[in-house]
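**Student:** Go by the hints and put chain B onto chain A.
Sequence order for the protein chains is A and B.
Going left to right, the first sequence walks through residues 1 to 312 as the working numbering numbers them.
Going left to right, the second sequence walks through residues 1001 to 1312 as the working numbering numbers them.
Hint data in this document are derived by calculation from the structure and do not stem from the laboratory.
In this text, a Cβ means the ideal position worked out from N, Cα and C, and glycines have one as well.
Take these hints with a grain of salt, some might be off.
Partial chain B-side listing against chain A, Cβ under 7 Å, derived [to be verified]:
hint, residue
1, R1106
2, G1126
3, R1162
Calculated Cβ distances over 10 Å to all of chain B for the following chain A residues [said to hold, decoys possible]:
hint, residue
4, T2
5, W149
6, V157
7, Q159
Number of protein chains: 2
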Amino acid sequence: MTRGPVVALSGGVGGAKLALGLSRVLPASDLTVIANTGDDFEHLGLSICPDIDTLTYALAGLDNPATGWGRRDETWSFMDSIKALGGEDWFRLGDRDLAVHVERTRRLRSGEALSQITIDFAARLGIGVRILPMSDDPVRTRVLSDGGWIDFQDYFVRQQCRPVVRALSFDGAPMSQPAPGVIQALRTAGAIVICPSNPFISIEPILAVPGIREAIEASGAPVVAVSPIIGGKAVKGPTAKMMAELGMDATALGVALRYGDLLNGYVVEHEDAADVAGFGARVTAAKTLMQSLEDREALARVVLEAADSLRR
Amino acid sequence: MTRGPVVALSGGVGGAKLALGLSRVLPASDLTVIANTGDDFEHLGLSICPDIDTLTYALAGLDNPATGWGRRDETWSFMDSIKALGGEDWFRLGDRDLAVHVERTRRLRSGEALSQITIDFAARLGIGVRILPMSDDPVRTRVLSDGGWIDFQDYFVRQQCRPVVRALSFDGAPMSQPAPGVIQALRTAGAIVICPSNPFISIEPILAVPGIREAIEASGAPVVAVSPIIGGKAVKGPTAKMMAELGMDATALGVALRYGDLLNGYVVEHEDAADVAGFGARVTAAKTLMQSLEDREALARVVLEAADSLRR
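Next up, chain A with everything else stripped away, as it sits in the complex (with noise of 0.2 Å):
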């Protein structure tokens, strides 16, 4: 049975765990990974993409295995000095993740996209797998809480997640336009991979880009889910705080309800299975908490299997 090119959504940690899976049991020509763009930000003058950044460290083997942003054998002389010059050191940056803020950040300014840029990147880094930003136009994930809206790392880096969240908003994003590849890839997808990342400020941003969602919906590919919640619990990140804050349950039939009929299979860790069988999409229970590689590689494998099942 042919498959045919595989397109993955992603937000950035848990994503670019099985983005990672995924390019080890396909071809790389056979995988492109739509980044959200949502979180990205400037901070000291520069443009910081984390998603498409933690993906790009990832599938180039240079991501830092201990957090899972930023990059290996980092030091950190830059933030020391700084904030000796009273400049802002909330946000981590290492010394050598910041090369790559700084010639993006001269590569824009000087007219480049953003998607040609990251396409250059990772290039450079030997990635043979295409990572795409869902927009080159910005798109900025804002968030409501009791104090008002508020800048998305703001909420997730400066105050780590404490805000109570009421409301999301995608500033940008109805006048934005897909990145320059992005809709052909989801037409000629053989199948399409939402990676478990936070449903709400990793995966509906993409879905907020006029034309995505559709492209999707008409591609006529298996769309499969894996689920970042285990158990009632979120792997990494507020995701399980920001459902209950939502007024959602926190579980995987949660997530699942949220992206309704979009999907056609979902996959969830054997625990969820009996939770979510009264969904609409064909469920597959596996063991979706990816610590080592081969969690990785497996779980790569049981979403493009539920997918060719799944395949009209």
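**Tutor:** Relative to the frame of chain A, chain B by itself:
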């Protein structure tokens, strides 16, 4: 005898040595250093001010004694990383040094003046002496070589001073204004010191800012220069080569003739004293080669005594 405040005009490495010496033999509130900004440039999207930074690092005790530029205990992760991304790596930016450029660029873009940022950085690094850029307006030294006009850092760093210099230009100088505080400092100076910097590329850009030369001439304070040439050789950098290429004698006398009647006093190495005996300013022979901290302090005392002996 009351001397009053001292103003020093300085470029980078050589000038910073004497500035440090002066800072150690004068009360901090009695010294203002006016820094050349003709070497400044934009690189990787960052505003880099080599002479201001060399002075700042030297006066803060953060300088790299091995190179004379950059910072001590530096790390180079950023350079390794940007090279892998295809970024320009001919101008070496250490990780600690980089924080100065990033934070300065951010503040300049937000509308702050270079002089304000320079003063603030100095204060945060514990420097009591005042460091002022010659101007908050961009002045850019350019070099005419046989291949045409090139930017100064292209000549100085990328091409390592190999091109033959036919002429120099200080782009922007005619429209520039002295930075706030510069004219007032010169007007009220008790002594004006021209550090042993390259006269063409470090001191003349300062003198090219409209109003600065006039303020020096009008101040009534003795003006004492220290020769950057010892026995026909520059201590460091391309001064001697450049003088020869510009058709001048690469000697202490050649430098003195270039400054002309701006000088009241001239401090030269003992071996050069006879050569400059016929020059119009009062000559002081001393050890001008500054290898140790003691050398810097001793030369500073010689310069101040020379100025004191000239006070009208």
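**Student:** Are the hints correct? Go through all of them and say.
**Tutor:** Right, here's what the structure says about each hint:
1. Among the interface hints, the one on B:R1106 holds; its C-beta lies about 4 Å from the nearest C-beta in chain A, closer than the 7 Å criterion.
2. The criterion of a C-beta within 7 Å of any C-beta in chain A is not met by B:G1126, whose closest approach is roughly 9 Å, and the hint is violated.
3. The interface hint given for B:R1162 is broken, as the beta carbon of that residue sits about 27 Å from the closest beta carbon of chain A, more than 7 Å.
4. Its beta-carbon lying about 36 Å from the closest one in chain B, A:T2 satisfies the requirement of being farther than 10 Å from that chain.
5. In this structure A:W149 is separated from chain B by more than 10 Å, as the shortest Cβ-Cβ distance comes to about 22 Å.
6. A cut-off of 10 Å between C-beta atoms confirms that A:V157 is not in contact with chain B; the least separation is 18 Å.
7. The claim that A:Q159 is not at the interface with chain B holds, since no C-beta of that chain comes within 10 Å of its own (minimum 22 Å).
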